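Reconstruct the complex from the two isolated chains, following the hints.
What follows is the residue order along each chain.
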Amino acid sequence: GQSLEQPSEVTAVEGAIVQINCTYQTSGFYGLSWYQQHDGGAPTFLSYNALDGLEETGRFSSFLSRSDSYGYLLLQELQMKDSASYFCAPKGATNKLIFGTGTLLAVQP
Amino acid sequence: DTAVSQTPKYLVTQMGNDKSIKCEQNLGHDTMYWYKQDSKKFLKIMFSYNNKELIINETVPNRFSPKSPDKAHLNLHINSLELGDSAVYFCASSQDASSTGELFFGEGSRLTVL
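Taken in order, these protein sequences are the chains called A and B. Reminder that position 8 of the first sequence reads as 8 in our numbering, one-by-one numbering, no gaps. Reminder that position 107 of the second sequence reads as 216 in our numbering, one-by-one numbering, no gaps.
The set of hints was computed from the structure by calculation and includes no laboratory data. A quick note: this is a predicted structure, and the numbers were derived from the prediction, not measured. Don't take every hint at face value.
[As the list claims (entries may be wrong)] The list that follows gives simulated cross-link-like pairs (lysine-lysine, BS3-like), each with its CA atoms no further than 27 Å apart:
1. B/Lys145 x B/Lys131
2. A/Lys81 x B/Lys150
3. B/Lys149 x B/Lys128
4. B/Lys161 x B/Lys149
5. B/Lys161 x A/Lys81
6. B/Lys118 x A/Lys81
7. B/Lys161 x B/Lys180
8. B/Lys118 x B/Lys149
9. B/Lys145 x A/Lys81
10. B/Lys131 x B/Lys118
11. B/Lys153 x B/Lys176
12. B/Lys118 x B/Lys145
13. B/Lys118 x B/Lys153
14. A/Lys81 x B/Lys149
15. B/Lys161 x B/Lys128
Isolated chain B, as found in the complex (with noise of 0.2 Å):
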């Protein structure tokens, strides 16, 4: 059983659509994060969510916006796509907020932007 599922794991898709990625986790955790990975393997923190609330939003274009229906889940929409959004993107969980540096991460969503 996965402990942190993302889908789809590849997206391919045109400038200026619309795109989400979906994340699931059962382990149980109160914490979940949206990474992105750029082509140089820079990861960097997107958002995160304490229990469906936003706790970490960094300095992310508003075309991303991440949804939490439930602590489990943590989804990802992206508007009108560019170039420059191609990445992999990761969602990873961890037991809550303030725990030790571990975090559980899904497979990566790779988003290819033509």
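Pulled out of the complex, with its shape left as it was, chain A reads as follows (with noise of 0.2 Å):
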């Protein structure tokens, strides 16, 4: 079967730093997207890991382990804009990305 699990919800403040975590389990397994979506827009791609290993992109980086069915997004200097839902999708066999219902991130001032 497959599942995806990740926080529902999670704030922090300006400046900081979050970590949204999300495991998963996938009939086969090619790699690891993220993305975001503001409210009422479209979901745009971040990353994506096909290896082990931490890939950095300016203040955002996501690591994978896929031996423990492991990632995480990791969003640093957070700003208000980064207020948004962040999905984990897993791609699995017939190279389908499977989303689920996200982590809404809130950034307080």
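As structure tokens, this is what we get:
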């Protein structure tokens, strides 16, 4: 079967660092994507990890451990504009991206 | 120039009606998708087409029928609309079916069934 777990909500203050965890179970696994979605907007691609380790893109980093079926998104120097929903999306068999309900990040001043 | 565009952006209709949502991408991608996002933000794949051929067909009522006239277009027709069909429908595209996990989403079509 397949399952996906990430926290439903996270709150942090401006300038802080926040980590959003994701555990998954899929039939077959190719990699883990992360997407950001602002309220009323479209999901936008942030990162994709096919191999174990940390990938950094500016203030955002994404980590994957294939053996643990676990990944996280790290957001540094939080800004108000980072308030959004964040989705981890494992890519399973048939190259299908599996989304869930995401994590709602609220950044407070 | 919008990469993935879908119309209409908003759709309000009565139960039992039939409606269509159109999607076009100008990225030259081979693969297109329809996703449904409900009021709890749950985002779920419905269909995927690769170069006009259906490759993913999730457990979706057969009232939903996708059509891809060419690889740049993927339309969604919904028959006999029900209250539970109210959601935001997102079209997306990717380079091909086996590319990295990067999808390009349209702005969404918010369907409200009364």
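Here's how the hints hold up against the structure:
1. B/Lys145 x B/Lys131: holds, 14 Å
2. A/Lys81 x B/Lys150: holds, 19 Å
3. B/Lys149 x B/Lys128: OK: B/Lys149 and B/Lys128 at ~23 Å, within 27 Å.
4. B/Lys161 x B/Lys149: violated, 31 Å
5. B/Lys161 x A/Lys81: violated, 38 Å
6. B/Lys118 x A/Lys81: holds, 24 Å
7. B/Lys161 x B/Lys180: holds, 5 Å
8. B/Lys118 x B/Lys149: holds, 19 Å
9. B/Lys145 x A/Lys81: Since the Cα atoms of B/Lys145 and A/Lys81 sit roughly 25 Å apart, the hinted pair holds (cutoff 27 Å).
10. B/Lys131 x B/Lys118: holds, 10 Å
11. B/Lys153 x B/Lys176: holds, 19 Å
12. B/Lys118 x B/Lys145: holds, 14 Å
13. B/Lys118 x B/Lys153: holds, 19 Å
14. A/Lys81 x B/Lys149: holds, 21 Å
15. B/Lys161 x B/Lys128: holds, 21 Å
When each numbered hint is compared with the structure, violations occur for hints 4 and 5.
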